[in-house]
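K.L.:
Model the full structure from these sequences, guided by the hints.
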Amino acid sequence: MAVSRTLEPPKVRVGPGEWVRKNLLSPWYNALLTVIGLWILYEVGRGLAVWALTQARWDVITDNIRLFLVGQFPPGQIWRVWLSLLFSSLLFGLGGGLWGGTIRQFACALGVAFFLLALLPASWATRGWLIGNLAAILLGYGTGVWGQGNPQRSRPLRYATIGGWLLLFPVLVMLLSGFSGTQVLPRVEAGLWGGLLLTFLLSLVSIVLSFPLGVLLALGRRSALPAVRLFSVLYIELIRGVPLVTVLFMADIMLPLFLPEGLRIDRVVRAMAGFTLFSAAYVAENVRGGLQAIPEGQIEAARALGLNGFQTTFLIVLPQALRLVIPANVGQFISLFKDTSLVAIMGLLELLGIGKAVLANPAYMGLQREVYLFVALIYGVFSYAMSYASRRLEIALGVGER
Amino acid sequence: MVGSEDIIICEDVHKWFGDFHVLRGVTLTIKRGEVVVICGPSGSGKSTFIRTINRLETHQRGRIIVDGIELTDDVRNIAAIRSEIGMVFQQFNLFPHLTALQNITLAPIWVRRWPKEEAERVARELLERVGIPEQADKYPAQLSGGQQQRVAIARALAMQPKIMLFDEPTSALDPEMIKEVLDVMRDLARSGMTMIVVTHEMGFAKEVADRIFFFADGNIVEGNTPEEFFSNPKEERTRRFLSQILVH
Ligand SMILES: Nc1ncnc2c1ncn2[C@@H]1O[C@H](COP(=O)(O)OP(=O)(O)OP(=O)(O)O)[C@@H](O)[C@H]1O
Ligand SMILES: [Mg+2]
Numbered sequence: 000m001a002v003s004r005t006l007e008p009p010k011v012r013v014g015p016g017e018w019v020r021k022n023l024l025s026p027w028y029n030a031l032l033t034v035i036g037l038w039i040l041y042e043v044g045r046g047l048a049v050w051a052l053t054q055a056r057w058d059v060i061t062d063n064i065r066l067f068l069v070g071q072f073p074p075g076q077i078w079r080v081w082l083s084l085l086f087s088s089l090l091f092g093l094g095g096g097l098w099g100g101t102i103r104q105f106a107c108a109l110g111v112a113f114f115l116l117a118l119l120p121a122s123w124a125t126r127g128w129l130i131g132n133l134a135a136i137l138l139g140y141g142t143g144v145w146g147q148g149n150p151q152r153s154r155p156l157r158y159a160t161i162g163g164w165l166l167l168f169p170v171l172v173m174l175l176s177g178f179s180g181t182q183v184l185p186r187v188e189a190g191l192w193g194g195l196l197l198t199f200l201l202s203l204v205s206i207v208l209s210f211p212l213g214v215l216l217a218l219g220r221r222s223a224l225p226a227v228r229l230f231s232v233l234y235i236e237l238i239r240g241v242p243l244v245t246v247l248f249m250a251d252i253m254l255p256l257f258l259p260e261g262l263r264i265d266r267v268v269r270a271m272a273g274f275t276l277f278s279a280a281y282v283a284e285n286v287r288g289g290l291q292a293i294p295e296g297q298i299e300a301a302r303a304l305g306l307n308g309f310q311t312t313f314l315i316v317l318p319q320a321l322r323l324v325i326p327a328n329v330g331q332f333i334s335l336f337k338d339t340s341l342v343a344i345m346g347l348l349e350l351l352g353i354g355k356a357v358l359a360n361p362a363y364m365g366l367q368r369e370v371y372l373f374v375a376l377i378y379g380v381f382s383y384a385m386s387y388a389s390r391r392l393e394i395a396l397g398v399g400e401r
Numbered sequence: 000m001v002g003s004e005d006i007i008i009c010e011d012v013h014k015w016f017g018d019f020h021v022l023r024g025v026t027l028t029i030k031r032g033e034v035v036v037i038c039g040p041s042g043s044g045k046s047t048f049i050r051t052i053n054r055l056e057t058h059q060r061g062r063i064i065v066d067g068i069e070l071t072d073d074v075r076n077i078a079a080i081r082s083e084i085g086m087v088f089q090q091f092n093l094f095p096h097l098t099a100l101q102n103i104t105l106a107p108i109w110v111r112r113w114p115k116e117e118a119e120r121v122a123r124e125l126l127e128r129v130g131i132p133e134q135a136d137k138y139p140a141q142l143s144g145g146q147q148q149r150v151a152i153a154r155a156l157a158m159q160p161k162i163m164l165f166d167e168p169t170s171a172l173d174p175e176m177i178k179e180v181l182d183v184m185r186d187l188a189r190s191g192m193t194m195i196v197v198t199h200e201m202g203f204a205k206e207v208a209d210r211i212f213f214f215a216d217g218n219i220v221e222g223n224t225p226e227e228f229f230s231n232p233k234e235e236r237t238r239r240f241l242s243q244i245l246v247h
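As given, the protein sequences belong to chains A and B, one line each in that order. Start counting the first sequence at 0; every next residue gets the next number (numbering that gives the first Met the number 0). Start counting the second sequence at 0; every next residue gets the next number (numbering that gives the first Met the number 0).
If you're looking for bench data, these hints aren't it; they were derived computationally from the structure. Quantities reported herein were computed from a predicted structural model and do not represent experimental measurements. Note that beta-carbon positions come from the ideal geometry of N, C-alpha and C, so glycine has one too. All the given hints hold, so there is nothing to weed out.
The following label-pair restraints were derived from C-beta to C-beta distances:
no.	chain 1	residue 1	chain 2	residue 2	range
1	A	F309	B	R60	30 to 38 Å
2	B	G67	A	I264	54 to 62 Å
3	A	P255	B	Q59	53 to 61 Å
P.N.:
Spelled out as structure tokens, the structure:
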């Protein structure tokens with residue numbers, strides 16, 4: 000059996016010097032723009048660096064780091080947050096070892112981050128946990144690499160890792176909220192979750208739940224059943240016609256009215272419901288775009304082969320449509336991640352809310368720059384990570400290579 | 000005796016697209032193992048007609064009976080018919096997110112419920128038969144048009160159909176690829192498959208077809224054996240059509 004090899008076209012390699020001359024300096028006005036640009040960059044960068052290193056009072060961050068990260072989560076129970084993190088680190092390590100590629104890059108980035116954070120001044124307990132996370136990544140990675148070469152070992156390991164990812168969410172919720180009346184895992188009201196932890200949980204839950212909901216709505220919008228179609232259209236258009244703030248208010252105030260007497264749901268859960276319902280409408284419209292891009296011939300071919308409608312949708316149409324809308328959906332999820340800051344209006348303190356609360360403390364008056372810069376940096380890092388993962392996913396799934 | 004020999008029976012089949020009367024009383028009977036070629040001008044309803052046979056289009060009057068099963072709205076009938084009829088399209092319609100092998104094994108696994116190993120074994124045999132065993136793990140975008148169409152034929156054959164429908168299978172292909180697809184179809188015809196082929200490849204028709212039908216304005220104008228059809232067309236319209244396509 001012949002193995003066909005494709006020859007790469009010869010690459011014209013352009014050296015950095017050549018590139019600079021061609022793109023930055025070539026006509027005189029480009030050179031001028033380059034000089035002006037560099038000068039502005041230099042001035043701003045220098046100002047920022049001088050300020051950050053000499054004037055800024057970073058103690059507002061370091062003093063309140065626990066608030067920023069977990070809000071009012073009881074200090075005695077912080078180990079539960081750490082344990083959740085440890086579980087995810089292990090999964091990242093395992094995934095990186097087994098599949099390599101982007102997951103390995105993420106695992107490495109996480110490991111480096113844990114290592115660097117452990118170098119910062121912090122309590123020994125914190126350092127211990129950070130090092131523990133690093134160890135979990137290494138352990139997972141080592142196990143993954145050990146299993147990866149051998150199909151007999153890699154198969155169960157892969158299933159276990161995927162199972163772990165699926166279990167991550169319920170495990171996280173159980174660990175964090177605990178059970179009332181128990182000694183080991185006493186209940187921590189979700190109202191106490193805050194800071195980055197809350198930001199993460201809100202985004203994670205809304206993303207994970209709004210995706211399937213949005214896909215169903217998109218399918219419903221093309222359904223042959225008029226009632227389903229009508230419901231989907233109404234839902235999507237209604238939600239998209241209303242600002243997110245309004246949806247959150249509705250979730251906060253209206254949702255309890257629909258629930259039976261005596262059943263009270265937590266404010267955080269209400270916020271999650273609001274974000275999920277909101278995001279689902281946008282996901283649905285993205286997915287609808289993808290569905291429309293699938294040629295009729297695909298459906299005809301599937302039908303001609305004897306596949307039923309369900310199989311045609313889930314084996315032929317959706318896999319192609321969802322690939323096409325990865326960029327749009329990740330964009331939606333990134334904005335959702337940042338929009339979680341709106342829960343402030345429900346009285347919940349996520350990352351940004353904590354920032355505001357800290358600034359309200361007279362001891363830290365006038366330190367907006369430090370606080371907001373720190374918050375922006377965190378949002379930036381995680382948004383970039385998502386967008387990077389999306390691009391890698393597109394490449395891995397071969398979007399646009401048709 | 001004749002009843003069991005007739006695998007496709009169309010009686011006075013009519014179809015409308017809105018006000019437009021596409022099929023105007025097509026009557027045609029095809030025997031088991033017969034190879035039938037349909038030709039005719041663009042827009043005459045050839046595609047629509049063969050698509051009614053596996054019910055990708057519904058007819059509104061008349062009867063279509065395939066292998067003893069009448070095509071009605073009954074879902075079970077449609078499923079039964081579709082798994083007995085393979086179809087090959089002008090635009091191939093391969094599934095771009097699946098490899099050639101996966102394209103072929105999909106329906107046997109999900110419709111016939113074959114075990115994966117069995118489906119793959121059969122798929123590899125079919126790829127061998129259409130002459131591209133080495134392309135099994137490539138995606139459609141990595142294959143030439145001719146290779147794609149041969150995968151599409153293998154995909155249809157994997158369901159072990161009793162009848163194969165071809166709707167202009169070579170019209171989207173470059174000349175040098177047409178031959179490789181026609182070769183596969185010729186082998187298939189020799190193996191005794193019942194085939195209905197919409198095509199303008201008159202060389203293929205002459206060599207392989209048992210009967211040729213000329214289609215115009217939603218109905219069969221005339222049908223005959225290739226010898227008679229080409230040497231002695233009865234209708235004026237057929238003669239005009241033949242002179243047009245045989246000239247170039
Ligand atoms: N879904 C549809 N809705 C409305 N009109 C249609 C539809 N499909 C086909 N038609 C019309 O029906 C007529 C017959 O179409 P059909 O595709 O069967 O022709 P054809 O003989 O296969 O032509 P060609 O050689 O160009 O493929 C054409 O006039 C076409 O415009
Ligand atoms: Mg046609």
